[in-house]
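K.L.:
Numbering-wise (my numbering), the sequence shown opens with residue 21 and increments by one.
Think of the hints as simulated: they come from the structure by calculation, not from any bench. A couple of the hints might just be wrong.
Stated by the list, open to error - With a straight-line Cα cutoff of 27 Å, these simulated DSS-like cross-link-like pairs (lysine-lysine) come out: (1) Lys107 with Lys73; (2) Lys70 with Lys107; (3) Lys129 with Lys73; (4) Lys70 with Lys123; (5) Lys73 with Lys31; (6) Lys83 with Lys73; (7) Lys107 with Lys83; (8) Lys83 with Lys123; (9) Lys83 with Lys31; (10) Lys107 with Lys31.
Said to hold, decoys possible - Label pairs and their computed distance ranges (CB to CB): (11) Ala131 with Leu90: 33 to 39 Å; (12) Ala131 with Pro76: 31 to 37 Å; (13) His84 with Leu24: 32 to 38 Å; (14) Gly93 with Asp114: 25 to 31 Å; (15) Ala28 with Tyr95: 41 to 47 Å; (16) Gly68 with Pro97: 34 to 40 Å; (17) Thr37 with Thr105: 16 to 22 Å; (18) Ala131 with Pro97: 17 to 23 Å; (19) Lys123 with Leu77: 17 to 23 Å; (20) Asn117 with His84: 36 to 42 Å; (21) Arg32 with Ser61: 33 to 39 Å; (22) Gly68 with Pro35: 23 to 29 Å; (23) Gln60 with Cys34: 20 to 26 Å.
Glycine residues also receive a C-beta, built at the ideal position from the N, C-alpha and C atoms.
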Amino acid sequence: MPALIPRACRKRGCPGTTTDRSGYCENHRNEGWQQHQRGQSRHQRGYGSKWDKLRPLVLDRDKHLCQECLRNGRYTPAETVDHITAKANGGTDDLSNLESLCKPCHRAKTAVERLK
């Protein structure tokens with residue numbers, strides 16, 4: 021795989037560069053999470069009517085089973101649809117970037133992502 025070309029940090033006014041897929045330099049890596057969580061409506065965060073149509077498609081595709089539990093040999097009903105690569109880190113709403121998760125797996129994954 022070819023090396024990524026350094027690009028400007030997404031933090032306004034930052035002179036730093038990064039090759040990280042989130043678009044943020046080392047100093048501003050958590051910036052996406054902070055902006056994502058800042059008192060905006062679900063529509064402003066990208067979870068409007070389009071999301072309401074995508075969510076059931078993903079749950080049906082995954083047969084309403086938690087994909088993380090399934091990878092570990094357990095069958096657990098899924099209650100949430102999660103971005104494999106978080107939107108705050110440059111992820112999209114493409115079906116290939118979405119998976120069904122149970123609430124405990126979703127909480128654990130989100131906690132790990134926030135620490136990055």
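K.L.:
Of the hints stated earlier, which fail here?
P.N.:
Hints 5, 9, 11, 12, 16, 20, 21 and 22 are the ones this structure does not satisfy, whereas the remaining hints hold.
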